[in-house]
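Asker: One-letter residues, chain by chain:
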Amino acid sequence: MGKRSVVPFGPQHPVLPEPIHLDLVLEDEKVIEAIPSIGYIHRGLEKLIEKRDFNDYLYVIERICGICSYMHGMGYCEALERIFDVEIPDRAKYLRTIWCEMSRVHSHLLWLGLLADAFGFEALFYQCWRMREKVLDMFEASTGGRVIFSVNKIGGVLKDMDKDMLASFVKEFDAMEDEIKKLCDVFLTDYTVESRLRKVGILTKEDAVATGAVGPMMRASGIEIDTRKTGYAAYSNIDFKIITSNDCDSYARCEVRIKELFQSFDIIRQAVAQIPDGDLSIAVKGNPNGEAFMRVEQPRGEAIYYVKANGTKNLDRARVRTPTFTNLTPLVKILQGCDYADVPILILTIDPCVSCTER
Amino acid sequence: MAKISKSPWLLHYDGSSCNGCDIEVLACLTPVYDVERFGIINTGDPKHADILLITGGINTQNKQVVEQIYSQMPNPKVVVAVGICACNGGVFKDCYNILGGADKVIPVDVYVPGCAARPESIIDGVVKALDILEKKREV
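Protein chains in written order, with this note's numbering: chain A, 1 to 359; chain B, 1 to 139.
Please note that the accuracy of each hint is not assured.
Which bits of chain B does chain A cover? Going by a derived footprint, with three or more residues having C-beta under 8 Å, they are [what the hints assert, rightly or not]:
1. 62-72
2. 87-99
3. 109-123
Derived from the structure by calculation, the hints contain no laboratory data.
Yeah, the Cβ is synthetic: ideal placement off N, Cα and C, and Gly gets one too.
Produce the complete structure using the sequences and hints provided.
Answerer: What follows is the structure, given as structure tokens:
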């Protein structure tokens with residue numbers, strides 16, 4: 001047995017865009033145990049519900065995270081729409097679906113770039129982020145914001161996309177699809193990339209269930225669950241298959257996310273083809289009373305929104321369970337027994353979003 | 001803009017931001033905005049850094065981390081607070097765990113407002129910081 005030592009990792013670390021701290025117990029170059037500690041970005045956002053009314057709180061909840069901000073806002077709105085028991089117009093449902101999938105495309109491209117950066121392939125990182133900028137331009141054209149959009153409201157959406165805009169987006173995504181196919185050749189077939197990802201960080205199907213993995217992390221271990229299949233927004237009218245892989249390693253997680261990119265393009269095309277004309281929102285009057293539960297499939301996995309209202313303009317509770325928080329347990333699991341040099345890549349394969357986790 | 005006599009290196013730390021500004025800081029380094037044309041390189045080591053970009057407000061747990069990072073940077077150094085949260089707490093100002101903007105613990109030279117701050121304004125803030133860095137170097 002080698003000598004044991006404890007190495008601190010983070011909160012400030014070159015590979016981490018966000019602060020998370022891990023105590024790594026090493027035996028020579030092998031990690032025996034990883035002990036995470038969080039709280040560096042904790043703001044106490046859920047408590048703020050006492051000081052904001054339920055309409056204003058939408059703008060706070062969108063700022064849980066700058067990457068999936070659209071989906072946070074949408075999940076909260078859908079939960080409140082359940083309490084009010086209103087059915088939003090069909091056009092709003094489709095617009096929400098399109099923006100959700102655009103968020104997924106930009107988030108997955110962001111992740112692919114960060115992964116490339118983590119294994120030292122800077123050119124690939126730049127290529128992914130160059131393409132991501134095009135998605136952000138589309139967001140800016142349709143919502144006015146690059147990162148925080150604020151286009152949701154309780155009862156629908158605030159902004160419309162006209163026919164020409166939707167057609168131009170589809171055209172743009174078609175072109176992007178060809179470019180991403182070329183990138184995939186590098187991600188999925190280049191031997192240098194494969195040598196960093198194949199058989200690294202194996203999370204078996206049993207472990208994925210036991211540790212409660214969600215999202216692409218879980219689907220890469222062969223479990224077929226996707227919250228989009230519950231049919232929120234317009235997903236019930238969209239035809240798509242859940243993408244899984246049985247390889248259970250880092251390569252599988254990369255593969256699942258790349259395939260989800262193509263799936264998102266397909267969903268956007270279907271939604272644009274099906275989108276009906278009509279209103280953007282319906283009026284919602286009064287204060288909410290009751291409680292509701294809402295599940296949303298974010299790029300990182302399943303997020304859960306619980307809202308409890310008491311008939312006044314201030315809610316009793318707005319609870320969010322975010323995907324990265326649940327994915328920390330599988331992360332600790334895959335870090336056990338890995339090489340010290342693989343730690344940054346393994347942290348990245350869960351697609352960590354620390355500001356979601358800590359709120 | 002003053003003549004830049006040296007190639008400034010940049011360190012980014014996420015205080016308690018929502019990720020929005022962090023991602024925009026990273027976007028500045030990528031081909032579309034490309035701050036490397038000013039000779040700026042993103043480094044992960046405080047001891048190599050001239051400019052500290054800080055996003056998000058200060059909370060009770062990251063207070064010491066921010067102080068420590070700042071103290072490890074060699075003189076002269078400048079601090080740019082990116083985003084409204086780093087300027088004064090922003091939308092999270094009333095949260096129980098937010099003490100305020102970055103200037104609660106370290107001296108801030110340039111404030112870049114916005115939620116999220118746009119890459120153009122971040123670059124503008126960094127260029128202003130370069131001027132201040134030059135002046136500090138002369139002293």
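Asker: Are there hints from earlier that the structure breaks, and if so, what are their numbers?
Answerer: Every hint satisfied by this model.
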